[in-house]
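Student: Sequence:
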Amino acid sequence: MDALTLLQEVSEAYGSLETLEVEAALIQKSGDENAGQRSERRVRFFFAAPDRMRFEPCGNRGTVQVTDGKQLHTTHLGDRHRGGLRYTSVPVAEMGRTRHILHRFQPEFPFAGEAFLFPGIQEQVVSAEILREEDGCHVVSVTYQPRPNPGLIVTGSAITFWIDGRNRMVMRQRSATGHRVPTEDEVTWSRHEQVVRGVRINQQIPEETFHFTPPAGAKLDKGEHGGGVGWGVGRGFVYQDPDEKRRYESHFSCAWEGDTLVDRCKLKLRGMLLAFERRLTFSDDGKELRVAERIAGPKGELETSCRLPVA
21 MDALTLLQEV SEAYGSLETL EVEAALIQKS GDENAGQRSE RRVRFFFAAP
71 DRMRFEPCGN RGTVQVTDGK QLHTTHLGDR HRGGLRYTSV PVAEMGRTRH
121 ILHRFQPEFP FAGEAFLFPG IQEQVVSAEI LREEDGCHVV SVTYQPRPNP
171 GLIVTGSAIT FWIDGRNRMV MRQRSATGHR VPTEDEVTWS RHEQVVRGVR
221 INQQIPEETF HFTPPAGAKL DKGEHGGGVG WGVGRGFVYQ DPDEKRRYES
271 HFSCAWEGDT LVDRCKLKLR GMLLAFERRL TFSDDGKELR VAERIAGPKG
321 ELETSCRLPV A
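Numbering (the numbering used here), first residue to last: 21 to 331.
Take these hints with a grain of salt, some might be off.
Derived lysine to any residue pairs resembling SDA-like cross-links, with alpha carbons at most 25 Å apart [to be verified]:
hint, residue 1, residue 2
1, K288, K307
2, K286, S270
3, K307, S270
Label pairs and their computed distance ranges (CB to CB) [claimed, not checked]:
hint, residue 1, residue 2, range
4, R81, R327, 45 to 51 Å
5, P318, I221, 53 to 59 Å
6, A69, A295, 49 to 55 Å
7, L37, D261, 23 to 29 Å
8, E264, E43, 42 to 48 Å
9, E264, A55, 52 to 58 Å
10, S273, Q28, 45 to 51 Å
11, D261, A45, 18 to 24 Å
12, K90, E264, 31 to 37 Å
13, A55, E228, 32 to 38 Å
These are calculated hints, taken from the structure and not from any lab test. Every value quoted in this text rests on a predicted model; they were computed, and no experiment measured them. Just so you know, even glycine gets a beta-carbon here, dropped at the ideal spot from N, CA and C.
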């Protein structure tokens, strides 16, 4: 059997599921041989065809997601320690390109989050190879077509899947993703592994599993949604928009230099890099704030200063 045929069988196996229950360990490692970090968390995932799902942590921290196929409800349990629980409720029909949040594997976003459903795993494949047989699984290395979008800050290597030889379920997956700090060229890598600890196929799941009840005291976070999508990385931010003129990347820092607070920001906008530096110094009597600002662009620099009464 060749690798592409195997991936097609995996896609068909998941496409014919009536229900699925999975308990898995999500493992993340970062760093190098000199220093690094490792984290592991246990999660549960429930699915009932065609579009009801539930994702939850095994514990009281993490994110709970529930959808009945019409509304996606999300609660971040850690918020109870940061000012109170909130939850969101979004119509699934309006989610558009963020549908990977429903934990379906997306070949165009192969590194975009925890996936437990794999119809379409054989799509957009550049190369696939069966590496070996291990613990009743076919171990397969798969490389997917990279997205033609230079604004993305995440790059990835091949993904290794462990596919059960009997039922074609994905029992394990391993990948590495690179994160580029906005406005910078350097890429740092982290390694991800998802290991299935238990799986039940086509067994009855209680109907209430897919019903959402807000946690006690939780408030609805209505929020506001625009045409673009943004996300933060470290001390940076990336904003993607269908309009190229509205896309940007920013990276910022703030630190004391003696008695002067220096606020720096780099902004990548319309293909150019802008650097901002703002220096804030209080007068000896504390009644005046002196602000000196320097802006550097591809064609030169501009310096301004002002004095602001504060007391």
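Student: Now, for every hint given, state plainly whether the structure supports it.
Tutor: Right, here's what the structure says about each hint:
1. At most 25 Å may separate the alpha-carbon atoms for a hinted pair to count; K288 and K307 exceed this at roughly 36 Å.
2. Taken as a hint, the K286 and S270 pair is honoured in the structure, with Cα atoms around 6 Å apart against an allowance of 25 Å.
3. Between K307 and S270 the alpha-carbon distance is near 32 Å, which puts this suggested pair outside the 25 Å criterion.
4. A beta carbon spacing of about 48 Å between R81 and R327 agrees with the range 45 to 51 Å that was offered as a hint.
5. Checked against the hint of 53 to 59 Å, the C-beta distance between P318 and I221 comes to roughly 58 Å, which is consistent with it.
6. One distance hint, 49 to 55 Å for the beta-carbon pair A69 and A295, holds here, with the actual separation near 53 Å.
7. At roughly 36 Å, the beta-carbon separation of L37 and D261 lies outside the given 23 to 29 Å, and the hint is violated.
8. Distance hint check: the CB atoms of E264 and E43 are about 43 Å apart, consistent with the given range 42 to 48 Å.
9. The hinted window of 52 to 58 Å between E264 and A55 is violated, with their beta carbons roughly 39 Å apart.
10. Taking the beta carbon of each, S273 and Q28 are about 49 Å apart, inside 45 to 51 Å as hinted.
11. Checked against the hint of 18 to 24 Å, the C-beta distance between D261 and A45 comes to roughly 36 Å, which is inconsistent with it.
12. Restraint check, K90 to E264: a C-beta distance of roughly 34 Å satisfies the suggested window 31 to 37 Å.
13. Taken as a hint, the range 32 to 38 Å is violated for the pair A55 and E228, whose Cβ atoms sit roughly 46 Å apart.
Violated hints for the displayed structure, listed by number in ascending order: 1, 3, 7, 9, 11 and 13.
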